[in-house]
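Spelled out from the first residue to the last, the chains are:
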Amino acid sequence: ETGVTQSPTHLIKTRGQQVTLRCSSQSGHNTVSWYQQALGQGPQFIFQYYREEENGRGNFPPRFSGLQFPNYSSELNVNALELDDSALYLCASSGWTGEKSSYNEQFFGPGTRLTVL
Amino acid sequence: QKEVEQNSGPLSVPEGAIASLNCTYSDRGSQSFFWYRQYSGKSPELIMSIYSNGDKEDGRFTAQLNKASQYVSLLIRDSQPSDSATYLCAAQGAYSSASKIIFGSGTRLSIRP
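Protein sequences, first through last, are from chains D and S.
Using our numbering, the first residue of the first sequence is number 30, and each one after it goes up by one.
Using our numbering, the first residue of the second sequence is number 28, and each one after it goes up by one.
Calculated directly from the structure, the hints in this document are not laboratory data.
Ideal Cβ positions, reconstructed from N, Cα and C, are used throughout, including at glycine.
There could be a bad hint or two in this list.
EDC-like mimics (lysine to aspartate or glutamate), calculated; alpha carbons at most 16 Å apart, straight line [what the hints assert, rightly or not]: (1) S:LYS127 - D:GLU82; (2) S:LYS94 - D:GLU134; (3) S:LYS127 - D:ASP113; (4) D:LYS42 - D:GLU134.
Here are some, though not all, of the chain D residues that point toward chain S, as calculated from beta-carbon distances under 7 Å [said to hold, decoys possible]: (5) THR49; (6) GLY57; (7) ASP113; (8) SER115; (9) ALA116; (10) TYR132; (11) PHE137; (12) LEU146.
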């Protein structure tokens with residue numbers, strides 16, 4: 030079973046630039062959620078994708094956008110980067126695998142550390 | 028604003044003792060609850076999920092849920108130095124809110140030898 034993977038690991042951008050972060054879901058999972066985690070805080074929900082459609086969104090502006098592909102991998106795009114966008118970006122996948130774990134359980138990837146200068 | 032509240036800690040517990048972590052949530056519609064462990068510089072790792080009132084045990088971990096009081100707790104028995112981490116409590120709504128998991132800010136746990 031392959032876990033959730035994310036790329037890149039670290040990224041440094043300047044204010045105003047655009048960034049794309051990538052996530053591959055765990056084998057058998059069809060749902061991907063994205064979170065932003067600032068230092069010392071819990072993860073904040075950005076949005077979720079299910080079968081290539083956005084399936085819920087948190088309190089983030091439209092410059093945060095996403096995609097999900099037919100193989101259930103996903104991208105998070107952030108336009109017009111601001112200093113406050115510096116954070117750990119986490120991708121989590123979920124889905125029914127027939128095992129004891131519930132469909133609702135989300136498993137996180139290692140994250141992408143974004144620094145905006 | 029629907030919230031999950033945790034004491035930020037640090038909570039210091041001697042090795043071998045029971046660590047008790049607590050969490051309250053504001054959305055009465057929440058149906059699913061999770062505890063994640065996060066080591067410094069790493070991503071959260073799911074350690075327990077609980078959906079019904081009462082206790083759920085898994086090894087040294089016991090999760091407790093009381094929906095009437097909107098309260099979730101995690102007990103760690105026989106605490107080990109490797110349990111030192113930040114513990115995140117999370118709640119998930121039902122139906123239209125089912126996609127969103129709301130996390131608390133976490134409780135830092137330190138196990139002292």
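Pair hint outcome, D:LYS42 versus D:GLU134 [Cα-Cα no greater than 16 Å]: Given that 16 Å is the threshold and the Cα spacing comes to 32 Å, the pair is violated.
Does D:THR49 meet its interface restraint, that is, does its C-beta lie within less than 7 Å of any C-beta in chain S? violated, 19 Å
D:ALA116 as an interface hint toward chain S, with CB separation required under 7 Å: violated, 13 Å
Hint check: S:LYS94 vs D:GLU134, CA-CA at most 16 Å. Holds or violated? violated, 19 Å
If you draw a straight line from the CA of S:LYS127 to the CA of D:ASP113, is it 16 Å or shorter? Answer violated: S:LYS127 to D:ASP113 is near 22 Å, above 16 Å.
Take the shortest C-beta to C-beta distance between D:PHE137 and chain S; is it under 7 Å? At 4 Å from the nearest chain S Cβ, D:PHE137 passes the 7 Å test, so the hint holds.
Given D:TYR132 was flagged as interface, is its beta-carbon under 7 Å from a beta-carbon of chain S? Because about 10 Å separates D:TYR132 from the closest Cβ in chain S, which is outside the 7 Å limit, the hint is violated.
Taking the closest Cβ pair, is D:LEU146 under 7 Å from chain S? violated, 20 Å
Holds or violated: the hint that D:GLY57 contacts chain S, with Cβ atoms closer than 7 Å. Since the shortest Cβ distance to chain S is 16 Å, the answer is violated.
If you take the shortest Cβ to Cβ gap from D:ASP113 to chain S, is it below 7 Å? violated, 17 Å
For the hint on D:SER115, does the least C-beta distance to chain S fall short of 7 Å? violated, 15 Å
S:LYS127 paired with D:GLU82 [C-alpha distance capped at 16 Å]: OK: S:LYS127 and D:GLU82 at ~15 Å, within 16 Å.
Hint violations for this structure: numbers 2, 3, 4, 5, 6, 7, 8, 9, 10 and 12, all remaining hints satisfied.
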